[in-house]
Each structure stands twice: as structure tokens, then as C-alpha cells.
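There are 2 protein chains.
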Amino acid sequence: MKNPNPFLKKIISRKNTAKILNDMSARLNIRILITDAGDNIIADIGRDGEFGNSSNSMVIYPINAGGDEQIGFVKGNEGCSLVASIIDCVAEIESDKRDLTSELLSKYREINLFYDFAENINIRKDFNDMAMLTSTQISELLNADSILIILKNENTGLLEVVFKFGADAAKYAPLKPEDAIIPERVILSGRAEIVNDLSTDVELARILPRRTGSVLCAPLRIQNRVTGAIYLIKENPIAYTSENLKLLMVFSSQVAAFIENGKLLQNLQETFISTVYTLAETIEMRDNYTGDHTRRVMDYSLAIGGNLGISGEELETLKLSSILHDIGKIGISDSVLLKPGKLTDEEFEIIKSHTLLGEKILKNIKQLNHIIPGVKYHHERYDGKGYPEGLGGGDIDLMAKIIAVADTFDAMTTDRPYRKGLSYDAAFSELKKCSGTQFDPAIVDAFIEAFPDIKEK
Amino acid sequence: MKNPNPFLKKIISRKNTAKILNDMSARLNIRILITDAGDNIIADIGRDGEFGNSSNSMVIYPINAGGDEQIGFVKGNEGCSLVASIIDCVAEIESDKRDLTSELLSKYREINLFYDFAENINIRKDFNDMAMLTSTQISELLNADSILIILKNENTGLLEVVFKFGADAAKYAPLKPEDAIIPERVILSGRAEIVNDLSTDVELARILPRRTGSVLCAPLRIQNRVTGAIYLIKENPIAYTSENLKLLMVFSSQVAAFIENGKLLQNLQETFISTVYTLAETIEMRDNYTGDHTRRVMDYSLAIGGNLGISGEELETLKLSSILHDIGKIGISDSVLLKPGKLTDEEFEIIKSHTLLGEKILKNIKQLNHIIPGVKYHHERYDGKGYPEGLGGGDIDLMAKIIAVADTFDAMTTDRPYRKGLSYDAAFSELKKCSGTQFDPAIVDAFIEAFPDIKEK
Numbered sequence: 001m002k003n004p005n006p007f008l009k010k011i012i013s014r015k016n017t018a019k020i021l022n023d024m025s026a027r028l029n030i031r032i033l034i035t036d037a038g039d040n041i042i043a044d045i046g047r048d049g050e051f052g053n054s055s056n057s058m059v060i061y062p063i064n065a066g067g068d069e070q071i072g073f074v075k076g077n078e079g080c081s082l083v084a085s086i087i088d089c090v091a092e093i094e095s096d097k098r099d100l101t102s103e104l105l106s107k108y109r110e111i112n113l114f115y116d117f118a119e120n121i122n123i124r125k126d127f128n129d130m131a132m133l134t135s136t137q138i139s140e141l142l143n144a145d146s147i148l149i150i151l152k153n154e155n156t157g158l159l160e161v162v163f164k165f166g167a168d169a170a171k172y173a174p175l176k177p178e179d180a181i182i183p184e185r186v187i188l189s190g191r192a193e194i195v196n197d198l199s200t201d202v203e204l205a206r207i208l209p210r211r212t213g214s215v216l217c218a219p220l221r222i223q224n225r226v227t228g229a230i231y232l233i234k235e236n237p238i239a240y241t242s243e244n245l246k247l248l249m250v251f252s253s254q255v256a257a258f259i260e261n262g263k264l265l266q267n268l269q270e271t272f273i274s275t276v277y278t279l280a281e282t283i284e285m286r287d288n289y290t291g292d293h294t295r296r297v298m299d300y301s302l303a304i305g306g307n308l309g310i311s312g313e314e315l316e317t318l319k320l321s322s323i324l325h326d327i328g329k330i331g332i333s334d335s336v337l338l339k340p341g342k343l344t345d346e347e348f349e350i351i352k353s354h355t356l357l358g359e360k361i362l363k364n365i366k367q368l369n370h371i372i373p374g375v376k377y378h379h380e381r382y383d384g385k386g387y388p389e390g391l392g393g394g395d396i397d398l399m400a401k402i403i404a405v406a407d408t409f410d411a412m413t414t415d416r417p418y419r420k421g422l423s424y425d426a427a428f429s430e431l432k433k434c435s436g437t438q439f440d441p442a443i444v445d446a447f448i449e450a451f452p453d454i455k456e457k
Numbered sequence: 001m002k003n004p005n006p007f008l009k010k011i012i013s014r015k016n017t018a019k020i021l022n023d024m025s026a027r028l029n030i031r032i033l034i035t036d037a038g039d040n041i042i043a044d045i046g047r048d049g050e051f052g053n054s055s056n057s058m059v060i061y062p063i064n065a066g067g068d069e070q071i072g073f074v075k076g077n078e079g080c081s082l083v084a085s086i087i088d089c090v091a092e093i094e095s096d097k098r099d100l101t102s103e104l105l106s107k108y109r110e111i112n113l114f115y116d117f118a119e120n121i122n123i124r125k126d127f128n129d130m131a132m133l134t135s136t137q138i139s140e141l142l143n144a145d146s147i148l149i150i151l152k153n154e155n156t157g158l159l160e161v162v163f164k165f166g167a168d169a170a171k172y173a174p175l176k177p178e179d180a181i182i183p184e185r186v187i188l189s190g191r192a193e194i195v196n197d198l199s200t201d202v203e204l205a206r207i208l209p210r211r212t213g214s215v216l217c218a219p220l221r222i223q224n225r226v227t228g229a230i231y232l233i234k235e236n237p238i239a240y241t242s243e244n245l246k247l248l249m250v251f252s253s254q255v256a257a258f259i260e261n262g263k264l265l266q267n268l269q270e271t272f273i274s275t276v277y278t279l280a281e282t283i284e285m286r287d288n289y290t291g292d293h294t295r296r297v298m299d300y301s302l303a304i305g306g307n308l309g310i311s312g313e314e315l316e317t318l319k320l321s322s323i324l325h326d327i328g329k330i331g332i333s334d335s336v337l338l339k340p341g342k343l344t345d346e347e348f349e350i351i352k353s354h355t356l357l358g359e360k361i362l363k364n365i366k367q368l369n370h371i372i373p374g375v376k377y378h379h380e381r382y383d384g385k386g387y388p389e390g391l392g393g394g395d396i397d398l399m400a401k402i403i404a405v406a407d408t409f410d411a412m413t414t415d416r417p418y419r420k421g422l423s424y425d426a427a428f429s430e431l432k433k434c435s436g437t438q439f440d441p442a443i444v445d446a447f448i449e450a451f452p453d454i455k456e457k
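Chains as they are written, first to last, in UniProt numbering: chain P, 1 to 457; chain B, 1 to 457.
The hints are simulated quantities; they were obtained by calculation from the structure and are not laboratory data.
Where hints are given, some of them may not hold.
What the hints assert, rightly or not - Pairs of lysine-lysine residues, derived as BS3-like cross-links and limited to a Cα-Cα distance of at most 30 Å, are as follows:
{"hint": "1", "chain 1": "P", "residue 1": "K246", "chain 2": "B", "residue 2": "K107"}
{"hint": "2", "chain 1": "B", "residue 1": "K329", "chain 2": "P", "residue 2": "K342"}
{"hint": "3", "chain 1": "P", "residue 1": "K97", "chain 2": "B", "residue 2": "K107"}
{"hint": "4", "chain 1": "P", "residue 1": "K385", "chain 2": "P", "residue 2": "K339"}
{"hint": "5", "chain 1": "P", "residue 1": "K97", "chain 2": "B", "residue 2": "K97"}
{"hint": "6", "chain 1": "P", "residue 1": "K125", "chain 2": "B", "residue 2": "K366"}
{"hint": "7", "chain 1": "P", "residue 1": "K360", "chain 2": "P", "residue 2": "K339"}
{"hint": "8", "chain 1": "P", "residue 1": "K107", "chain 2": "B", "residue 2": "K246"}
{"hint": "9", "chain 1": "B", "residue 1": "K97", "chain 2": "P", "residue 2": "K15"}
{"hint": "10", "chain 1": "B", "residue 1": "K97", "chain 2": "P", "residue 2": "K10"}
{"hint": "11", "chain 1": "P", "residue 1": "K19", "chain 2": "B", "residue 2": "K15"}
{"hint": "12", "chain 1": "B", "residue 1": "K329", "chain 2": "P", "residue 2": "K339"}
{"hint": "13", "chain 1": "P", "residue 1": "K352", "chain 2": "B", "residue 2": "K329"}
{"hint": "14", "chain 1": "B", "residue 1": "K360", "chain 2": "P", "residue 2": "K263"}
{"hint": "15", "chain 1": "P", "residue 1": "K366", "chain 2": "B", "residue 2": "K363"}
{"hint": "16", "chain 1": "P", "residue 1": "K9", "chain 2": "B", "residue 2": "K10"}
{"hint": "17", "chain 1": "B", "residue 1": "K366", "chain 2": "B", "residue 2": "K352"}
{"hint": "18", "chain 1": "B", "residue 1": "K363", "chain 2": "P", "residue 2": "K263"}
{"hint": "19", "chain 1": "B", "residue 1": "K10", "chain 2": "P", "residue 2": "K19"}
{"hint": "20", "chain 1": "P", "residue 1": "K366", "chain 2": "B", "residue 2": "K329"}
{"hint": "21", "chain 1": "B", "residue 1": "K125", "chain 2": "P", "residue 2": "K125"}
{"hint": "22", "chain 1": "P", "residue 1": "K366", "chain 2": "B", "residue 2": "K152"}
{"hint": "23", "chain 1": "P", "residue 1": "K246", "chain 2": "B", "residue 2": "K125"}
{"hint": "24", "chain 1": "B", "residue 1": "K246", "chain 2": "P", "residue 2": "K125"}
{"hint": "25", "chain 1": "P", "residue 1": "K263", "chain 2": "B", "residue 2": "K366"}
{"hint": "26", "chain 1": "P", "residue 1": "K263", "chain 2": "B", "residue 2": "K125"}
{"hint": "27", "chain 1": "B", "residue 1": "K263", "chain 2": "P", "residue 2": "K125"}
{"hint": "28", "chain 1": "B", "residue 1": "K363", "chain 2": "P", "residue 2": "K360"}
{"hint": "29", "chain 1": "B", "residue 1": "K10", "chain 2": "P", "residue 2": "K107"}
{"hint": "30", "chain 1": "B", "residue 1": "K360", "chain 2": "P", "residue 2": "K329"}
{"hint": "31", "chain 1": "P", "residue 1": "K10", "chain 2": "B", "residue 2": "K19"}
{"hint": "32", "chain 1": "B", "residue 1": "K107", "chain 2": "P", "residue 2": "K234"}
{"hint": "33", "chain 1": "P", "residue 1": "K366", "chain 2": "B", "residue 2": "K366"}
{"hint": "34", "chain 1": "B", "residue 1": "K246", "chain 2": "P", "residue 2": "K246"}
{"hint": "35", "chain 1": "P", "residue 1": "K329", "chain 2": "B", "residue 2": "K352"}
{"hint": "36", "chain 1": "P", "residue 1": "K234", "chain 2": "P", "residue 2": "K246"}
{"hint": "37", "chain 1": "P", "residue 1": "K15", "chain 2": "P", "residue 2": "K2"}
{"hint": "38", "chain 1": "B", "residue 1": "K15", "chain 2": "P", "residue 2": "K9"}
Generate the whole structure from the sequences, applying the supplied hints.
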């Protein structure tokens, strides 16, 4: 025997309901037996009253609580019809109340998830971190099997899955033609879609007639541009509502903003680096380098930095200071900078001034003041015999020590109009020979360790 | 006489309630008179039944609907107690249901505002636009008189009102010491605050003992940094709840992210412009300018552009191309660029190549390809006698025509080591003389119109 219907039990045992039933029973002198649909007795009131005797046989009144289904019965004599009406009436309102409570709880849950989501999405710096938070929340709220974040590649026009979530999501990346149909449509129209039975989708059915399941798909939109979509897949069909779709759209709007902001920053960052790089390279061209010196010094420096465990903002500093290490040469006159023969002492002093000129130029750019040490001190020597200040060993800025090795190695190994460059092996020997005098031994070691990676580039 | 209580009326006229009352009246042979608290008759059932005759005087039963207040009365004989119990029971559940419905409606409203807010905040590019949307929503949801967005100035440490909303908000900007107390505390602790009676705030009471009203204040936080606060003021005290504060925190989190993203972009943009500017200015320094040539050419160009109604992205293009107009000079050798006397034809050809060298350099920076025309053609003449291509009139890029006027004017008016610059008036005459031959007349006119603004700088 199952447990008695808790809803019916709750109604009957309400303090005021119980009082009404007792009063009715007493006043009408009737026995009232209430059972649920499973014949469990919920109440049995007024055992002394009339109850189904021969002259007045037992009547059974169903309790419907306003719905179609019978949730229980009132059994007794004919007088019980009134009792049944009362219970029915109370049960109907209570049933409405129960529905409202459950809806309210679900809305509270939705609001709380919003609160959490809105507060947390903005502390994410990283796309994957943000995408994981979003997908976890969506999946919890909308009971999804797979969630894909899809972007349209601006160059190829193809849809690319940039993030996937869920145990089965792997099978959707890369997107197969049939899986791309709905996101394609959403991106094209800019309108979100619910498909609760994939087999009814005309376009999809043409390609894959037996596909089942339900999907929600919302565009990633910034202002009037649609750049991609969030695609939510439920393998076994489920009845998604427009409320569900609206919820997904809130998430998609936040994801779109996150992606867009990242793109804007990245684009500006790239513009900045590539402008600075091009100008630096143009300046180096005056110095008889045949091109790509800046690129190689940067690559070597970053490889050394990576080997030494430098990361994040420090690596950015290393990148910029290696690109701009010779910026001061812009102020050295051709007659000195381009002199083919041996320099006089005075001329050498002028050449040496490019380190201080670099500092002077960069001092004008407050946001780049942090790269000055790398630029200013890249001609210092480990033994203290370098310039401009003759600093030794540990007093020299790490970035400068790295750039010194990278710069010297590239200067040795590249061809100039007036001489051929050394082989890598010969240049390595030279670096090792100068390790501990010109160069910091730790940097030389790091360079040699990192070099196999460099050669592969 | 007032209208009958609609809630009581609704309960009594429910189909099943009405049926119960009729059945009761018939079965118990009683008259049932139901009135609301204002003595309006809601129902009068069974006029044939007993009712307050001498042997069985009328009894009055209050209807409380589970609350303390009496919402109506059942009047009749003693048998009516049961009727009153039933109505009371139904009214109590209906009253719960009414409360739930109203709470649910308010949650739906909150969710819908979230939806709208989350979808709309991200399409705002402009801080004021975003702040207005946010404040309108907050004000509607939380019934605020004033809303302030406050940022802590990174240099001075002072709190600054960067946006205000509401009819009375003007009196809070700039912030007076007493108005800064709560935001200061919130920014310092990073914890949001509710103060429902300002006169109870110990710190505030010390400064301003008679201040009344209620406030909510939420920090603007990104990761672990608090950069400011949203401050909501209600002049007449109101009972704000922790739910209200939570809601404000969702908005504050979105506003903080918006501000932070803007700052990141702006900072990078400033780094970019100031780096490019410094490098360009360094290159100009070789050309015997004594400094600030780049700044002045940029200022003049932007003034002309502004006068011509150029704005937005085009103005950005003008700014960058005016800064970088002579970038190609980096490739011209000192012997030609710095020659004090008259140039040979061959040397002049070399000088002219700086326009094409500029194009060549900028071609390497795909994000700056849009500024090439301004750089390449800034030595074309309106009459077609310029270089590098001898383009005429309308064929010349607008940016280039603007830079030509700005550059020539600055070249004429600044001192060089070997000659003194012209006065502004003499240079104006020169510009006018060359209007229609060397320069586009429309640009010369725009420059002369804009010049009063320039002189004020």
C-alpha cells in the first residue's frame, strides 16, 4: 500500500478544515469517510452518525480539486455531497496555491542564478573561465546535454565551435553540416530559435531525416552585428518554452559582450604591437640590418624569458622592451651609425648614447616607462665593463640581460652588407666564451636550452 | 457608501462557494446574510429560512481570513457559525493565494527588467547612455529619489560623482563630506550597505545629526579592486531589504564591468597614440624642427576636421594620419634631409620619396592601412602639380588635403635653426594666396575659421 496522498492529507488536516468537517458531521449527524485515489483513509469523522445503512445506502463523491483527475473520495450518506463540495472547493484553491508556490520558487531560483551569474561573469578575465561559468549555469537551468559557443570566422565565413560543454559535446566539434543548420539560420536572421522536435525541422530533415531531440539557439549579438550563437542541445526531446529561450538570450547577451570586449582589446593590442614593431624595424633598417632583426631579437628574448619561467605582464614587458631596445638609434646621425670602417673614440661615444636616447624618448610615454630598464641597459656587461652605467651582475635589469644575449646572437649570425654572419654553432661558442664576462651565465644557459625551440620556428 | 470589498465578493461568488452556501442554506433551512466590513451586503441567501426571530436571535460571525482584521461578517442564526468557518477557511487560502500571486508578479517584473537590462546594457558604447539605462531601471525597481555613480580618483583618492540621476541629484554633486561618508565606507570595506534611517548612522550623526532618509550603497568591484560605488538615496525613509540591496549589486557589477572595460580600452588607446606620437616627433626632430611640430600639425588638422564636421572614426583616422604624415622621413639619409642649402633635383627626388616610404612602412601594419592616403598624398597640390602622383582637386584624399594645409602652415610659422618663422598673419596671407592652386579653398577657409579656437590653446 502506498503512502496516503500528502496533498489531500494536508488539506483535510488544516486546522479550520478539520473543524468544519467535525461541525458538519455533528450538525448533520453523519459519518464522513475520506479516502485518497489509492483507497488510503485520510479521515474518518463521526463514527456514531448514519453511514450506508440499508435505507440510506452509502454514496461516493469524487474530489477533483478543479482538475480532471480524481484525487480522492468522500464516502457517506447523501448529506456528504455538501462535504465533498467543500473539500473540492478548498482543494481547488489549495491546488492553485501549490502551483503558484512552485512557480514562485522556480522564479526565485532563476533570480538567484541571475544574481550569481551577473556578479561572477564580470570577474572573469579569461574566455574559457567565463564560458565554463555560463555553460554550467545554462545547463543547470535548462537541463541541457551539450552547449556550444559558436563564432563565425570573419575571414572564411565558416562557423567554428570555440567552446563546448557537456559529456556528449565533443561529437559536435567541428560542426557537421547538419549540426550547423540551425546556428547558421540564427546567425543569419539574428533571431533565436526553439526546435522541440528536430525531426519536424524542414531544412534539417532533408539532410538528416531521423535526427531527434530539442535545441535552443540564441544569437551572439553586439549592437546590430551577429557574430555567433550559443547552441543548446537536448538529445531526448523536451518541451522548451519561450521563457527558456529568453533566459538563454540573457546569457548570450553577456557572452557576446564579453567576447566583443576581448576582441576590441586584442585588436588594439595587436595594432599597438605591430605599429611599434614596424617603426622599430624601420629604424633598424638604417643600421644595415637586412630585415627581421627586431623580430628575431624579440623571438629569442621571449624564448629565453619562457625558459626562465617569466610570464604574464613581465613577458609583455620583455616583448616591448626587446622590440624597442634600439629605439634610441633614431637620434644617431648617419655618418656615425652607418660608418663602414673603425669608429673613433668620439664616434663610439655617440653610438653608445643610443641607450640613453632610448630612455629619453620612452620617458615621454608614461605607459611605457616600465620598459626603460630593458632598453637603457641592454649594453651593460655582467663584469661591469658595459655602458651606459657600468653596472655589474645582479644590478643589471633582467630584461636588459636577456636582450643583450638575444641581440648579440642575432648581430653575430646575420649577414651585413660588408660581412657574412657566423654559423649558429660558432655563435654559440662565442656566447659560451663570453658567459660570466659579457653575459650572465644563467641567461646564456637559458638561451642554449631554448634554442631548439627557436630553430623550429 | 463605498464599493463592496472586491476580495470578499470574489470569494463568495466563486461557482463552488456559491453552490456550497446555497446547499447549506437549503439543508439547514437558514438565511445567510454576508456583509463586508463597510456593511455592504455581499450575499443574501435563503430569504425563506429562519433569521433572527425572537426565539433565535441573530448572531454575527466575523470573517478574518486568517488575519487580524475583520474583512466581513456572516449574519444569521446560530447555524451560521459553520458557514462562517467555511468562508473563513476559503478566504484564508484565497488570501495566501493572492499574496503569492502578487509576489510572483513582482518577481516576473524583476526578471523581465533583468532580461531587458542584460540585453540592453551591452549594446551601449557610451558611459552616459549606459549609466542612464542603469539608473532608470534601478530607480523604477527601488523607488529611489537620487542615484549617483561615484568613482575614486586614482591620483587624488577623492570621490567624484561621475553620473547623477533624479530631480534632486544635483545637490549631491560635488559630494559634501556628509554625503561621502557612506560611499567612503563601502569603497573601503568593499561591502554593500543598507541604512534605512540615516539618523541612526553613528558616523553620519556626528556631522549632520538631523539627516533623514534611507540609502543603499553597493561597491563597484572588479576582481578584488573596488573602484567606486553606486549610491541610491531616498529622501523619505523607506524599508529597504537585503533583496533590494542584492538587486542593486547586480546592477553595480554590470556597471563596474562596463567602466573597467572602457578604462582598459582607453588606457591602451592612450598608450598607442602617445607611443606613435613620441616616435613620430622623434623622427621630426631629425628634420630640424625644434619640437612639437607633430603636436601642432595634429591640432591644426583636427581643428580643420572639426570645422568640416568630420567626427567619430574619420576623426580618429585624421588624428593618426596627421601624427604619422612624415613617418617616411625615417628612411631619408641625413645628408639629404639635413642639407642646409638648396637641394639638387636628385636630392629633391629623394626627399619626395618620403611619401611613398610612408606608404611602404604603413602597408606592414594592416590595422593602419586606412591612414595611408593621408600620409601618401599630403604633398599633392590642388592644381595637380604636387607629388607623388600629381593628383588634382577632388581626387586627393580629404585627410591629405587637410594635413597639407596644417603642415605647411606650421612649417611657415615655426623657427628653424637657419631662419625665423613667419608671423601668423603673414602665413595666413600666404595660405590665401595659394588657395585654389596649392590648397583646396574649402580647407583653407575651414582652417581660417577654426584658427581662433587654435590660438586659444
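Is K97 of chain B within 30 Å of K15 of chain P, Cα to Cα? Judged against 30 Å, a Cα distance of about 18 Å means the pair holds.
Proposed proximity, K342 of chain P with K329 of chain B (alpha carbon, max 30 Å): holds (27 Å)
Regarding the pair K363 of chain B and K360 of chain P, is the alpha-carbon distance no greater than 30 Å? Roughly 28 Å separates the two Cα atoms, so the pair holds.
Run the distance test for K10 of chain P versus K19 of chain B: straight-line Cα separation, threshold 30 Å. holds (24 Å)
Is the Cα-Cα distance between K107 of chain B and K234 of chain P 30 Å or less? It holds: about 28 Å lies between the C-alpha atoms, which stays within 30 Å.
30 Å limit on alpha-carbon distance, applied to hinted pair K246 of chain P and K107 of chain B: Holds: K246 of chain P and K107 of chain B sit about 15 Å apart, inside 30 Å.
Taken at face value, is the distance from the CA of K15 of chain B to the CA of K19 of chain P at most 30 Å? holds (23 Å)
Check whether the Cα positions of K97 of chain P and K107 of chain B lie no farther apart than 30 Å. Holds. K97 of chain P to K107 of chain B sits at ~16 Å (cutoff 30 Å).
Take a quick look at whether K366 of chain P and K366 of chain B sit within 30 Å of each other, Cα to Cα. holds (26 Å)
Given the proposed pairing of K15 of chain B with K9 of chain P, does the C-alpha separation stay at or below 30 Å? Satisfied, since the Cα-Cα distance of roughly 24 Å is no more than 30 Å.
If you draw a straight line from the CA of K366 of chain P to the CA of K329 of chain B, is it 30 Å or shorter? holds (25 Å)
Please verify whether K97 of chain B and K10 of chain P have alpha carbons no more than 30 Å apart. Cα-Cα ~16 Å, so holds.
In summary, the structure agrees with every hint in the numbered list given earlier.
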